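Visitor: The residues making up each chain are set out below.
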Amino acid sequence: ILNVEQSPQSLHVQEGDSTNFTCSFPSSNFYALHWYRWETAKSPEALFVMTLNGDEKKKGRISATLNTKEGYSYLYIKGSQPEDSATYLCAFYNQGGKLIFGQGTELSVKP
Amino acid sequence: NAGVTQTPKFQVLKTGQSMTLQCAQDMNHEYMSWYRQDPGMGLRLIHYSVGAGITDQGEVPNGYNVSRSTTEDFPLRLLSAAPSQTSVYFCASSPGLAGTNEQFFGPGTRLTVL
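From first to last, the protein sequence lines are chains A and B. Its first residue numbered 1, the first sequence is counted upward by one per residue in this note's numbering. Its first residue numbered 1001, the second sequence is counted upward by one per residue in this note's numbering.
Simulated from the structure, these hints should not be mistaken for lab results. Take these hints with a grain of salt, some might be off.
[Claimed, not checked] To spell it out: a stretch of chain B is covered by chain A in this simulated footprint if at least three of its residues, at any positions, have a beta carbon under 8 Å from a beta carbon of chain A; those stretches are:
(1) 1033–1041
(2) 1044–1051
(3) 1056–1070
(4) 1099–1109
In this text the structure is predicted, and so the values were computed from the model without any measurement. Built from N, CA and C at the ideal position, the CB exists for glycine as well.
Just need the whole structure built from these sequences, with the hints factored in.
Guide: This is the structure in structure tokens:
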């Protein structure tokens, strides 16, 4: 059983705050780590796909880092805006063909 | 491109009924998968396919069947619906392997089993 854990489960911040969340995954047989953004009543949309230890990806105010040896990835949002409110999902792939998702971190940004 | 399409959007079944959730993609993606979304549990993988004619089980396959006769279509069959299968179902696809390629998700099917 592949265990993908995300923390915290939910987060409430004020507009302008910077925030980060964690995704933990098995460090053995690592192949790729995905991050998705999921707005209410919509479908998940990909943010990043990361494959290399030490990888850092950035899209606007959102960035992610990857540590495959210790089995974690961080997602950072700089200067949160109300439109960043969503559930952020990570997913782990280990060459077995299965992409396994964590339970998500629900972010709420208050104006 | 229409992307990933799912039908129906909503469905209500009675316990014991069977039905098929349809999923199609027009991007010539090799990898397709079905997930269910339940409150507090993220997305759980039901079945997946790495190409036409090839399917495999995910984390929660019991009560569901799939087939992949064409690259475009990946239907999910509920054999005998149970209230525990009340959920939102998402189909996803990606080019090549799921590992290094982002998943494209359909709009979801909300299923209620009474």
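Visitor: Closer than 8 Å, Cβ to Cβ, for at least three residues: run that test on the region 1033–1041 of chain B against chain A and report holds or violated.
Guide: holds (count 4)
Visitor: Are there at least three residues in the region 1056–1070 of chain B whose beta carbon sits under 8 Å from a beta carbon of chain A?
Guide: With 3 residues close enough to chain A, the hint holds.
Visitor: Quick check: the region 1044–1051 of chain B, covered by chain A? Criterion 3+ residues, Cβ under 8 Å.
Guide: Since 4 is at least three, the answer is holds.
Visitor: Taking beta carbons only, do three or more residues of the region 1099–1109 of chain B come closer than 8 Å to chain A?
Guide: holds (count 10)
In summary, the structure agrees with every hint in the numbered list given earlier.
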